[in-house]
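Visitor: Sequence:
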Amino acid sequence: MSYDLVFKNGTIVDVKTKTSYRADLAVSGGVIAEIGSLDGERVVDCSGKVLCPGFIDAHVHIESSMASPASFADAVLPHGTTTVIADPHEMVNVRGNEAMKYLLDASEDLPVSVYVMLPSSIPSTPFETNGADFTSKDIEAWIEHPRVLGLGEVMCYPDVLAGRKEIMDKIALCRGKVIDGHAPGLSGTDLYQYIQAGVMTDHECTSFEEAEEKRRAGMKILIREGSAARNVEAIVSGIVKKGLDTEGFLFCTDDKHLDTIEHEGHISYNIKKSIRLGLKPEEAVAMGTWNTARTYGLASVGCLEKGFDADIAVLDSLENMNVLEVYKKGLPSGWWLEHRAEHETNYRGMLHTVNLKPFTEEQLKLHTEGKVPVIGLVPGQITTRYLKEEVPAKNGLFCPDSTYSKLCVFERHRGTGNIKAAPLKGYGITNGAVATSVAHDSHNIIAAGDNDRDIMKAVEIIQEMQGGYALVQGGEDILRLPLPIAGLMSTRPAKEIQNRLDAMVRRAREMGISEDCDPFITLSFMALPVIPELRLTDKGLVDVKNFQMIKEKGE
Numbered sequence: 001m002s003y004d005l006v007f008k009n010g011t012i013v014d015v016k017t018k019t020s021y022r023a024d025l026a027v028s029g030g031v032i033a034e035i036g037s038l039d040g041e042r043v044v045d046c047s048g049k050v051l052c053p054g055f056i057d058a059h060v061h062i063e064s065s066m067a068s069p070a071s072f073a074d075a076v077l078p079h080g081t082t083t084v085i086a087d088p089h090e091m092v093n094v095r096g097n098e099a100m101k102y103l104l105d106a107s108e109d110l111p112v113s114v115y116v117m118l119p120s121s122i123p124s125t126p127f128e129t130n131g132a133d134f135t136s137k138d139i140e141a142w143i144e145h146p147r148v149l150g151l152g153e154v155m156c157y158p159d160v161l162a163g164r165k166e167i168m169d170k171i172a173l174c175r176g177k178v179i180d181g182h183a184p185g186l187s188g189t190d191l192y193q194y195i196q197a198g199v200m201t202d203h204e205c206t207s208f209e210e211a212e213e214k215r216r217a218g219m220k221i222l223i224r225e226g227s228a229a230r231n232v233e234a235i236v237s238g239i240v241k242k243g244l245d246t247e248g249f250l251f252c253t254d255d256k257h258l259d260t261i262e263h264e265g266h267i268s269y270n271i272k273k274s275i276r277l278g279l280k281p282e283e284a285v286a287m288g289t290w291n292t293a294r295t296y297g298l299a300s301v302g303c304l305e306k307g308f309d310a311d312i313a314v315l316d317s318l319e320n321m322n323v324l325e326v327y328k329k330g331l332p333s334g335w336w337l338e339h340r341a342e343h344e345t346n347y348r349g350m351l352h353t354v355n356l357k358p359f360t361e362e363q364l365k366l367h368t369e370g371k372v373p374v375i376g377l378v379p380g381q382i383t384t385r386y387l388k389e390e391v392p393a394k395n396g397l398f399c400p401d402s403t404y405s406k407l408c409v410f411e412r413h414r415g416t417g418n419i420k421a422a423p424l425k426g427y428g429i430t431n432g433a434v435a436t437s438v439a440h441d442s443h444n445i446i447a448a449g450d451n452d453r454d455i456m457k458a459v460e461i462i463q464e465m466q467g468g469y470a471l472v473q474g475g476e477d478i479l480r481l482p483l484p485i486a487g488l489m490s491t492r493p494a495k496e497i498q499n500r501l502d503a504m505v506r507r508a509r510e511m512g513i514s515e516d517c518d519p520f521i522t523l524s525f526m527a528l529p530v531i532p533e534l535r536l537t538d539k540g541l542v543d544v545k546n547f548q549m550i551k552e553k554g555e
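Mapping of the sequence shown onto the UniProt record's numbering: position 317 corresponds to residue 317, and the numbering continues sequentially without gaps.
Everything labelled a hint here was simulated from the structure, so no lab data went into it. Positions of the beta carbon are idealized from the N, C-alpha and C atoms, including for glycine. Possibly wrong hints are sitting among the right ones.
What the hints assert, rightly or not - Derived lysine-lysine pairs resembling DSSO-like cross-links, with alpha carbons at most 27 Å apart:
1) 177 x 165
2) 18 x 329
3) 16 x 242
4) 280 x 242
5) 280 x 16
6) 329 x 101
7) 8 x 49
8) 280 x 306
9) 49 x 18
10) 371 x 539
11) 357 x 551
12) 539 x 394
13) 425 x 551
14) 280 x 18
15) 165 x 539
16) 388 x 545
17) 394 x 365
18) 280 x 49
19) 365 x 388
20) 8 x 329
21) 371 x 394
22) 539 x 357
23) 16 x 306
24) 18 x 242
25) 329 x 177
26) 365 x 425
Said to hold, decoys possible - Now the in silico label distances, taken between C-beta atoms and shown as ranges:
27) 29 x 414: 50 to 56 Å
28) 495 x 322: 18 to 24 Å
29) 126 x 22: 57 to 63 Å
30) 346 x 41: 38 to 44 Å
31) 496 x 158: 37 to 43 Å
32) 97 x 2: 48 to 54 Å
33) 317 x 97: 43 to 49 Å
Taking the hints into account, I'd like the entire structure generated from these sequences.
Guide: Now the structure itself:
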């Protein structure tokens, strides 16, 4: 029998048995038709090469790439990723149902399959101001969509532990589907209560000990390696040392910028790094393919067997894990990128989302006396430390320097005029400021600098662009990146976005921003009040461990 396409003499990774074997693989109609000794109309010689299933990202916010879904697919496909499971809670925090419709429309028929988890926590806490609601009624309206797999990361875990009606209703609506978790540091009785409520996964483990406890309790663990949060080394090293069964471990990126994808890879990097740490190559590949497909009920992908989609990554070897070519449903990545029509998805409803109330320099002043709360960066992580330190001051006002930057958050959705400031230790910016409308999860404007004039100028540029990144030095507009779609995404091609971002990162480093953090992604997480220990929102400082606002003097 002759087939459309045959991959000859390749080494095939069997993700079920975690072994490899030599064989030919035939494709017909975009599906794997047979494996054995075969011939076809078109033959690809794979002698000395490895065939493995296309990689699957178990949890990603496409918005964090700053690219539209189509441009995002262009960026990750060459690295072997053929399927992603997207949680759009970033854009839904800004535009609600309009954002859900946009994502599903914009990701239809892309060369990377996009499945969706419905946002569960909009906003993630009552300690911030976001742009839109997304209630249990909205969940009900979308739950039967064929590309919706379940409920997105349940970030409001204190509400789950308290049994609050809104989140429990959302969980109940998604019974029978996957319910993703988000519970950094949760352990003991609270962890078991969280799981018993129906939560199945977690991607917030930063240590092997945390991952092991949650896995033992029954959770599937999504091991994250993004631009800012890098957890593969800590967790995989522990798995290798203890010889744990990897069946319950998956890979995700969560938040990864285009420049990091270009320079490192995507899920391919999680796999490659795990192999370097001592994990058996076939096990690492399974964690980036089959384990995820099984966890999320993706019946046609994640495995190279007869009847599965011909989503195939061709590698130079299992040791090096370099992706040579990628096939989606039997067609090479180059074909997809050349032949697919430009997506003309209407994003007009996602524009004009920056609604700042006029502000003055007076509102940025931060009074200080004695030891005050300081947000301490943790190198290579998005967790922070809650520090109490004396900071430089003059006439009772905080004066930022190379050790302590001034961090500010400006509410940008409802015109409330909320502006809050706090010291940030470890960022390092000098003689300038950075601002962005990407500030997880409510996406108000966040800025950091060593002087108020540059901070104000950077924020004004964000308003002018209706979202984006801005670098200011000495009162001058140095570099900018417009992100007009919900203040989170660009309308430009991925390569153009990446080139501009690369230039901005280089300039940010010249301005003193520490090599221990991503100048932009790390900053974006400083407003996220569900990751310990201390965060700043438009309403003030949040003590995440105790889940409460820190009262200012005089309140």
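Visitor: Next step is simple, just say for each hint if it's right about the structure.
Guide: Do the hints match the structure? See the list:
1. The hinted pair formed by residue 177 and residue 165 meets the criterion: a straight-line CA distance of about 19 Å does not exceed 27 Å.
2. For a cut-off of 27 Å, the pair hint linking residue 18 to residue 329 stands: about 23 Å separates their Cα positions.
3. With a C-alpha separation of about 21 Å, the suggested pairing of residue 16 with residue 242 holds against the 27 Å cut-off.
4. The suggested pairing of residue 280 with residue 242 holds, with an alpha-carbon distance near 13 Å, which does not exceed 27 Å.
5. Between the alpha carbons of residue 280 and residue 16 the distance comes to roughly 13 Å, so the proposed pair stays at or under 27 Å and holds.
6. For the hint linking residue 329 to residue 101, the alpha-carbon distance of about 26 Å falls within 27 Å, and the restraint holds.
7. A threshold of 27 Å between alpha carbons decides the hint, and for residue 8 with residue 49 the separation of about 10 Å falls inside it, so the pair holds.
8. Taking the CA atoms of residue 280 and residue 306, the gap is about 25 Å. The hint holds against a cut of 27 Å.
9. With a CA separation close to 17 Å, the supplied pair residue 49 and residue 18 stays within the 27 Å bound.
10. At most 27 Å may separate the alpha-carbon atoms for a hinted pair to count; residue 371 and residue 539 meet this at roughly 21 Å.
11. Restraint check for residue 357 and residue 551: satisfied, since their Cα atoms lie roughly 24 Å apart, inside the 27 Å limit.
12. For the suggested pair residue 539 and residue 394, the alpha carbons sit about 25 Å apart, so the restraint of at most 27 Å is met.
13. Taken as a hint, the residue 425 and residue 551 pair is honoured in the structure, with Cα atoms around 20 Å apart against an allowance of 27 Å.
14. Straight-line distance between C-alpha atoms of residue 280 and residue 18 comes to about 8 Å, which keeps the hinted pair within the 27 Å bound.
15. A threshold of 27 Å between alpha carbons decides the hint, and for residue 165 with residue 539 the separation of about 25 Å falls inside it, so the pair holds.
16. Of the pairs offered as hints, the one joining residue 388 and residue 545 holds, with about 15 Å between alpha carbons and a cut-off of 27 Å not exceeded.
17. Taking the CA atoms of residue 394 and residue 365, the gap is near 11 Å; set against the 27 Å cutoff, the hint holds.
18. This hinted pair checks out: residue 280 and residue 49 have alpha carbons roughly 18 Å apart, not beyond 27 Å.
19. Straight-line distance between C-alpha atoms of residue 365 and residue 388 comes to about 19 Å, which keeps the hinted pair within the 27 Å bound.
20. For the given pair, residue 8 sits about 17 Å from residue 329 by alpha-carbon distance, which is consistent with the 27 Å threshold.
21. Of the supplied pair hints, the one linking residue 371 and residue 394 holds, its CA atoms being roughly 15 Å apart against a limit of 27 Å.
22. At most 27 Å may separate the alpha-carbon atoms for a hinted pair to count; residue 539 and residue 357 meet this at roughly 15 Å.
23. For the suggested pair residue 16 and residue 306, the alpha carbons sit about 14 Å apart, so the restraint of at most 27 Å is met.
24. A C-alpha spacing of about 18 Å is found between residue 18 and residue 242, which places the hinted pair at or below 27 Å, so the restraint holds.
25. Of the supplied pair hints, the one linking residue 329 and residue 177 holds, its CA atoms being roughly 26 Å apart against a limit of 27 Å.
26. Between residue 365 and residue 425, the direct Cα distance comes to roughly 17 Å. Compliance with the 27 Å bound is thereby established for this hinted pair.
27. At roughly 51 Å, the beta-carbon separation of residue 29 and residue 414 lies within the given 50 to 56 Å, and the hint holds.
28. The given range of 18 to 24 Å is respected by residue 495 and residue 322, whose C-beta atoms sit roughly 20 Å from each other.
29. The supplied range of 57 to 63 Å is met by residue 126 and residue 22, whose beta-carbon atoms lie about 58 Å from each other.
30. Separated by about 40 Å at the C-beta atoms, residue 346 and residue 41 satisfy the suggested range of 38 to 44 Å.
31. The given range of 37 to 43 Å is respected by residue 496 and residue 158, whose C-beta atoms sit roughly 42 Å from each other.
32. For the pair residue 97 and residue 2, the beta carbons lie near 49 Å from each other, so the given range of 48 to 54 Å is met.
33. In this structure the hint that residue 317 and residue 97 lie 43 to 49 Å apart at CB holds, the actual value being about 47 Å.
Comparing the model with each numbered hint stated earlier shows that all of them hold.
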